[in-house]
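Based on these hints, arrange chain B on the given structure of chain A.
There are 2 protein chains.
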Amino acid sequence: MNKFLSELAKNLDPYTPGEQPKDKKYIKLNTNESPYGPSPKVLEAIKTQATEDLRLYPDPESTVLIKAASDFYKLPEEMIFAGNGSDEVLAFAFAAFYSGKKLVFPEVTYSFYPVYCNLFDVDYIEIPMGENLSIDTSLMKSASCGVVFPNPNAPTGEMIDLDMIRAILESNTDSVVLVDEAYIDFGGISCSQLVKEYENLLVVQTFSKSRSLAGMRIGLAFGSVQLIEGLNRVKNSFNSYPLDRLAQYAGVAALEDNEYYVKMQSKIIKTRKETITELERMGFGILNSYANFIFVSHSMVQAEDIYKKLKENNVLVRYFKKPGIDNYVRITIGTDDQMKILFQNLEKILKG
Amino acid sequence: MNKFLSELAKNLDPYTPGEQPKDKKYIKLNTNESPYGPSPKVLEAIKTQATEDLRLYPDPESTVLIKAASDFYKLPEEMIFAGNGSDEVLAFAFAAFYSGKKLVFPEVTYSFYPVYCNLFDVDYIEIPMGENLSIDTSLMKSASCGVVFPNPNAPTGEMIDLDMIRAILESNTDSVVLVDEAYIDFGGISCSQLVKEYENLLVVQTFSKSRSLAGMRIGLAFGSVQLIEGLNRVKNSFNSYPLDRLAQYAGVAALEDNEYYVKMQSKIIKTRKETITELERMGFGILNSYANFIFVSHSMVQAEDIYKKLKENNVLVRYFKKPGIDNYVRITIGTDDQMKILFQNLEKILKG
Numbered sequence: 048m049n050k051f052l053s054e055l056a057k058n059l060d061p062y063t064p065g066e067q068p069k070d071k072k073y074i075k076l077n078t079n080e081s082p083y084g085p086s087p088k089v090l091e092a093i094k095t096q097a098t099e100d101l102r103l104y105p106d107p108e109s110t111v112l113i114k115a116a117s118d119f120y121k122l123p124e125e126m127i128f129a130g131n132g133s134d135e136v137l138a139f140a141f142a143a144f145y146s147g148k149k150l151v152f153p154e155v156t157y158s159f160y161p162v163y164c165n166l167f168d169v170d171y172i173e174i175p176m177g178e179n180l181s182i183d184t185s186l187m188k189s190a191s192c193g194v195v196f197p198n199p200n201a202p203t204g205e206m207i208d209l210d211m212i213r214a215i216l217e218s219n220t221d222s223v224v225l226v227d228e229a230y231i232d233f234g235g236i237s238c239s240q241l242v243k244e245y246e247n248l249l250v251v252q253t254f255s256k257s258r259s260l261a262g263m264r265i266g267l268a269f270g271s272v273q274l275i276e277g278l279n280r281v282k283n284s285f286n287s288y289p290l291d292r293l294a295q296y297a298g299v300a301a302l303e304d305n306e307y308y309v310k311m312q313s314k315i316i317k318t319r320k321e322t323i324t325e326l327e328r329m330g331f332g333i334l335n336s337y338a339n340f341i342f343v344s345h346s347m348v349q350a351e352d353i354y355k356k357l358k359e360n361n362v363l364v365r366y367f368k369k370p371g372i373d374n375y376v377r378i379t380i381g382t383d384d385q386m387k388i389l390f391q392n393l394e395k396i397l398k399g
Numbered sequence: 048m049n050k051f052l053s054e055l056a057k058n059l060d061p062y063t064p065g066e067q068p069k070d071k072k073y074i075k076l077n078t079n080e081s082p083y084g085p086s087p088k089v090l091e092a093i094k095t096q097a098t099e100d101l102r103l104y105p106d107p108e109s110t111v112l113i114k115a116a117s118d119f120y121k122l123p124e125e126m127i128f129a130g131n132g133s134d135e136v137l138a139f140a141f142a143a144f145y146s147g148k149k150l151v152f153p154e155v156t157y158s159f160y161p162v163y164c165n166l167f168d169v170d171y172i173e174i175p176m177g178e179n180l181s182i183d184t185s186l187m188k189s190a191s192c193g194v195v196f197p198n199p200n201a202p203t204g205e206m207i208d209l210d211m212i213r214a215i216l217e218s219n220t221d222s223v224v225l226v227d228e229a230y231i232d233f234g235g236i237s238c239s240q241l242v243k244e245y246e247n248l249l250v251v252q253t254f255s256k257s258r259s260l261a262g263m264r265i266g267l268a269f270g271s272v273q274l275i276e277g278l279n280r281v282k283n284s285f286n287s288y289p290l291d292r293l294a295q296y297a298g299v300a301a302l303e304d305n306e307y308y309v310k311m312q313s314k315i316i317k318t319r320k321e322t323i324t325e326l327e328r329m330g331f332g333i334l335n336s337y338a339n340f341i342f343v344s345h346s347m348v349q350a351e352d353i354y355k356k357l358k359e360n361n362v363l364v365r366y367f368k369k370p371g372i373d374n375y376v377r378i379t380i381g382t383d384d385q386m387k388i389l390f391q392n393l394e395k396i397l398k399g
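Line order of the protein sequences matches chains A and B.
Each residue of the first sequence is one higher than the one before, counting from 48 in my numbering.
Each residue of the second sequence is one higher than the one before, counting from 48 in my numbering.
Since no wrong hints were added, every one of them can be taken at face value.
The list treats identical chains as one, so a pair stands whether inside a single copy or across any two.
Below, simulated DSS-like cross-link-like pairs (lysine-lysine); rule was C-alpha separation at most 25 Å, straight line:
no.	residue 1	residue 2
1	69	368
2	310	121
3	69	121
4	149	188
5	57	149
6	71	114
7	243	57
8	148	57
9	50	149
10	72	358
11	69	387
12	50	188
13	243	50
14	88	314
15	355	398
16	356	369
17	148	50
18	69	114
19	114	72
20	387	314
21	369	358
Think of the hints as simulated: they come from the structure by calculation, not from any bench.
Chain A extracted, bound-state conformation (with noise of 0.2 Å):
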């Protein structure tokens, strides 16, 4: 054992990502990014910011970003926040509001929501699922605790409606329910704007996905005053400038260049109705996806095989050797010509 380590290091239990595989000879359909580059508008930002500047800080607040991002949200600046990807704005959440606490999820969701636990000592319990891996929101609307869950859930697709949402905001006043909806942009309706009716409701989105920009790490959140206040305490104690200069002004390009991606996000959309089509006529059960990734097992099959045989033939997709879900391999959703290669690559795989 490590002697060095300290007590909470000790305890930690950390995440694992999905393959980053540093050759391209893969089909990448692992891990949800947007199979279509960012707006050629983010890349020459980027180009133009790459300057001498670059010697001095950035702006610790991200002022340009928060601006840009209350142009867009049609929210204040003052209920924005922004940080290295939102895994880390998660991250900061979890300690500024959980942190000693309780808190529910889903059992099947996000598998980074636990980790953040142990790192700052929230006592969590998982909500277990209802029927075809849905979310069981009564067990969420009676939990008198933090509450925490993706909208469009990971890695089901699962949405939940406005109106549950502010039920469950209803029934929890005194805690912060967070919604994480890295995958909103894919045919869902973000509770975005209930943040201004709702004090202690947080939204967390990501430019990882549906803004094509995974590699850049940005993410936002918007809430009440004192919700964002509360993610800035932790922020400035722990790195005060988590952004960096090209990453805020990327961020910047990407929402003023939104005829871009609503293009994108549609064509994924489509995109995702023709492989439910051609996975259903092969047979396998698929789970009603509003993001663009799906979740989908076939009865013939073992979903632990399809994830290597497709390994194999160089096409990425996602399993979780979890209880409950050990028999479902999530793919995200790529071009049309990379879905047709996974189109053949099942059907061989089918056949045996």
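For chain B alone, kept in the frame of chain A given last:
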């Protein structure tokens, strides 16, 4: 009071970074940035990497940067860690090695250390300064617990030599001794090679000062395999991808063009020498500095007045309203031209 805050968040006392004015009217000698831009090869590397691949997550292990650092620092890759600026690296180190434990650091030092202690529940003691704000190394040797100090120290510029660092390491073998070498490249001698001899030594460096990349957020740590593993445990419980794609490649290019940076560092050292001569001529007392800043006081004018009057004349320096150092200002070494303007302003202030 904010009812949503955790006890942890309530008890935080966040760090206040030096002013980062958004306009360019100031001669900025307040946050120890380099007055010289990054190597042109760094800017080129960033532009080359600004491609559609930004849609993909960065390599979570920052392999290209770790490899380049391994070549540059002549250390095995598994003894190197990369984070989002040295502030993040320090935060991870406090969590990994000091949380719930006892730690000592100098009373006059980087003021982020007590902030991390609040965030990660570290029981810290500040060691009183010796004569001329020197570090009392005897109290560090006898501490029998974790030890942190910058070398050179900030904001004083004082350097502790390798023999003394060895002595501190050898008298604290069960605890991590963290040497924060943010300012090492301005004439100091790094202890980074000692990590091969002492498993309890962690050395932290940054690209924000001597490599002119404060705007990109790149920090490194060197240590035994077990210390680097400890940092990775915390990192992977917080944010799998702290360094974006551009920062990783900017860091590589900066290490590859060391020749450029050595020239810039020599210029800064020369300007520091000339600045000290000039300020001594004006009657300033100046602590011996191995950093890209000097810590100065004057018997005739209060430091706070100097700070304010310089700011009125568009020269920003750093003033700490803290007992023991509240009659000093910290002045970053800028270009020769910037220093000339500083001298003119100081002459005027001294004449009253």
